[in-house]
Amino acid sequence: MNNADTVGAGYVPRVTVVIPHWKGEDILRHTLKFLFRTDYNNFSVIVVNNDSPDGSIDKVMPDFPQAKIVNAPKNLGFAAGCNLGIKHADSEYIVLLNNDTEVDSNWLLNLVSVISSDTSVAAVQVKLLNYFKREFFDYSGAAGGLIDIFGYPFAMGRVFDYMEQDEGQYDSVKDVFWASGAAVILRKSALDKTGLLDEMFFAHMEEIDLEWRFQLNGYKVMTCPDALVYHRSGATLQKENLMKMRLNHRNNIIMLLKNYGTLTLLWVLPLRIMFEIITVVFGIITLQPGRSAAVILSFIDVIINLPLILRKRRIVQNKRIISDSEIMKKMFRGSIVFEYFIKRKKTAAQIL
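Be aware that the sequence shown starts at 0, since it is given in numbering that gives the first Met the number 0, and climbs by one per residue.
None of the hints are false.
Derived DSSO-like pairs (lysine-lysine); straight-line CA-CA distance at most 27 Å:
1. 243 to 344
2. 311 to 86
3. 73 to 22
4. 86 to 22
5. 173 to 318
If you're looking for bench data, these hints aren't it; they were derived computationally from the structure.
With the hints as constraints, model all of the structure from the sequences given.
Structure (structure tokens):
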């Protein structure tokens with residue numbers, strides 16, 4: 000490992016925790032209450048008010064005067080909201096934390112210990128557990144994010160809608176492909192080099208896109224199973240929300256277009272489009288028109304925005320120093336869709 004500024008010997012790195020908030024008085028209050036019980040003496044908190052419509056900022060924030068409020072002119076979404084908070088941070092590490100979480104008292108110390116031990120580590124994910132069923136992993140990223148070559152994300156502890164029970168099976172620090180934006184620590188110098196979250200994404204998949212870009216620039220993404228965070232998945236947007244499904248499909252295709260090299264795209268993209276067509280047909284057959292509509296609308300979005308996507312692609316491809324062949328060594332070299340729905344494999348351990 001490369002040496003870095005490690006916790007200890009009297010040195011405690013500065014951390015800024017950025018919480019984008021749209022609505023939800025109770026969840027925000029709960030998140031901040033546990034956050035300020037964190038056993039770490041050098042962190043600050045920025046709450047980004049994403050034009051909250053329910054008065055929750057005015058009701059909650061007077062009880063937490065130690066937190067800084069940054070007001071957005073409108074609801075910027077998760078990506079731009081986080082970026083706004085990051086721009087107000089003056090620390091070497093930045094944590095993105097959802098407003099519907101509960102952190103363990105030692106979570107931040109453990110995260111900093113991992114990321115500060117190696118300067119090539121750009122992001123570290125916590126162990127995400129379900130807030131309501133605490134013995135199970137959380138949907139949003141579980142014990143660390145994985146991905147197949149067609150861009151379908153899954154996680155150690157969660158494949159599609161199947162969540163594993165936490166039995167310590169992922170309790171070692173691992174090199175993964177992505178870390179969930181629900182609770183992740185980022186190296187500020189890596190952000191300065193690679194760029195911030197892509198605001199075109201608005202919400203969903205933006206952290207995977209960012210961490211793919213990290214790896215294209217030679218950085219690593221790690222897990223920290225000793226950093227425990229409980230998450231109420233879907234507290235802001237429910238999983239079957241049409242907008243959420245549309246953003247997930249749209250952003251995933253954009254991510255592929257931006258980050259894969261041309262030769263890889265020539266064979267990956269047609270196969271991925273085939274999977275999307277199957278999803279549309281499945282939605283029609285199973286009387287889930289919203290699912291089919293979400294996929295169709297996502298492709299319309301991509302086509303409309305293709306000139307902008309291609310400009311972003313050029314920037315990413317011009318910066319990259321790592322080949323697709325190296326990147327794909329960190330991916331599952333098959334289809335997670337086939338493994339889950341046809342071969343009935345439910346866990347990352349069964350698939351990998």
